[in-house]
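The listed protein sequences derive, respectively, from chains Y and E. Residue 758 in this note's numbering is what sits at position 74 of the first sequence, and the numbering runs on without skipping anything. Residue 1706 in this note's numbering is what sits at position 255 of the second sequence, and the numbering runs on without skipping anything.
Think of the hints as simulated: they come from the structure by calculation, not from any bench. Treat each hint with caution, since some may be false.
Listed next, with one range per pair, are the computed distances between beta-carbon atoms [said to hold, decoys possible]:
no., chain 1, residue 1, chain 2, residue 2, range
1, E, A1728, Y, K795, 47 to 55 Å
2, Y, A771, E, A1591, 20 to 28 Å
3, E, T1653, Y, L718, 50 to 58 Å
4, Y, A771, E, K1860, 46 to 54 Å
5, Y, G720, E, V1622, 31 to 39 Å
Restricting the straight-line Cα-Cα distance to at most 20 Å, the calculated cross-link-like pairs of lysine to aspartate or glutamate (DMTMM-like) are [what the hints assert, rightly or not]:
no., chain 1, residue 1, chain 2, residue 2
6, Y, K799, E, E1795
7, E, K1623, Y, E794
8, E, K1860, E, E1795
A virtual CB, placed ideally from N, CA and C, is assigned to each residue, including glycine.
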Amino acid sequence: MKKEDKEKKKVPIVEGLFTWPSNKPQLIGSKCPLCGSAQFPKSNVCNNPDCDHSKSPEESLLSDEGTLYSYTVHAYDLSDPFAYHKAPYAIGAIELPEGINVIARLTTVEKEKLKIGMRMRFKVDKLYEDEEKVYLTYFFQPEEEK
Amino acid sequence: MSESAIVSAAITEWTEAGKTIPSPIDRLANVTIETLRKAKIRPGDIDAIIANTTALPFNEGSYITISAQHFAHRLAEKIGSHGVRCMNVCAACASAAISFATADAMIKAGILKAVLVVGVDNSPRGFYFQGPSILDMDLAVSYPHKVVGITNPSYWAMWARRRAYDMGKPVKDIKELMALVKEIHSGYGALNPYARYKKTFTAKEVLDSPVVCDPLHLYMISAVSSGAGAAIVTDMETAKKITDKPVKIAASAVGSAVYGEPSPRLVYFATAGGKKAKQPFIEWRKPIEAAYKQAGITAEDIDILECHDTSCFHTINWIDQVKGWEREETDKLIKNRQIRHDGEFPVNLSGGTSSFGEAVMSQALVMVHQLLLQLRGEAGERQAKKRLRTGMCTAYGAYGSYGVIILEKGW
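Pulled out of the complex, with its shape left as it was, chain Y reads as follows (with noise of 0.2 Å):
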């Protein structure tokens, strides 16, 4: 029997990437205690080639807002196993204050609406759903769209 959306569990589309459940949820990166190197997703393994290495970085969570690197709108549908990736959908690269360039989808695929150097701001939403459960995946959005 089909669920109504409110009774369906909402789970991230893979685990790991950001804090979930959460009224307020961020990406879950790493920052080494020696050379602040920050990564995404996390690892326990600095990844700057000048650290010494001799600790190991720790789980940090990534600034929810940052800037708009570039971007692009998909206008194809993806093929199975990923089919629930439905065009148009945009994807952009997000420079965050950490100092990398996280891959995210875009709230809009307005282009009017998207322009790079902008303030872009983190948010957690649906990707899709079955009859299940809803499955969500991190975006980040225009600034002004809030």
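Got chain Y; can you put chain E on it based on the hints?
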């Protein structure tokens, strides 16, 4: 240190991807024999086989197979082996370029005298998806398609849009430039008997083709194909006994990810940290600069370029990086059609990946084969008009895989 040279190369015609006949090993064996016959040498004269491992769909979107990763060994058994050294190289689209660099290094070190560099691929159709495999659930690379819906062309599209932004130009300009690149290169594909696509497209047809991921249209993106190639690399002394036109490997460089690269790298969720370079693509430039240093030359000395163009943006970016000049100069070069065979800097007179489609593991063999023809003056209607002495081949692949080869007339 010995010098090394390419004495012989052969490629098959590139064909539609995803067909299992002929089998990749048969295709590879046939093209290898053709290369050996041209050089009049036997499998028994070869010291090593370096093959590019292929990626075939296995299950649930995972591209891991076991048999596919041992083409060097399978080829040795197939053509007759005397216990030849077999090595398999895997570096995504840059695989074959890195095989040449490996052969070159071992010959220059005096370890080997004659090496077969081979590649075969029968790529899966459509968008490439990395894993996840049940045996490799690396969050960093196995899930971007699943979580964000990103495809390889989406990365390229973001690069193209960012280049326009960095130059302070509208996206329309880079679209038109990419369409012109396709128009020019498809003309050479039409003249190349080995190319899969033999239709010349006008820039207008390219711009009228469906958008895949803005600003990339369908005809700006390379298809996936099936094809095989083989080349023989020897030390210069041996080369001169085999041919009166040995093509010297003046340099071969291998590159990988560079900490501080600001552009999103296939197939990752995020760039690495560090002090960001002012301009993107430092990891494309690094092996190019290493190759110039090895050869003792500068960008000015490169007469002709064969570059890996899985999208028309790649061609533009390769010219930016190889020339190391202001990007406006690249735009001017292309707009003035100076990348044609009769231009000042011919690029991809093979027709490029754009006209071949990409047989991932074999693509650098197309480029090297073309440079051999060009340097030897054997490219027929596609022959560069200018006098050629030095050519460059550049390959780009996912995971930050780069290979750069500089070839020179050895006679």
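Structure-based check of each hint:
1. E/A1728 / Y/K795: 47 to 55 Å: violated, 27 Å
2. Y/A771 / E/A1591: 20 to 28 Å: Cβ of Y/A771 to Cβ of E/A1591: about 26 Å, so the range 20 to 28 Å holds.
3. E/T1653 / Y/L718: 50 to 58 Å: This hint holds: roughly 56 Å between Cβ atoms.
4. Y/A771 / E/K1860: 46 to 54 Å: holds, 50 Å
5. Y/G720 / E/V1622: 31 to 39 Å: Given range 31 to 39 Å: holds, Cβ gap about 35 Å.
6. Y/K799 / E/E1795: Given that 20 Å is the threshold and the Cα spacing comes to 37 Å, the pair is violated.
7. E/K1623 / Y/E794: holds, 17 Å
8. E/K1860 / E/E1795: OK: E/K1860 and E/E1795 at ~19 Å, within 20 Å.
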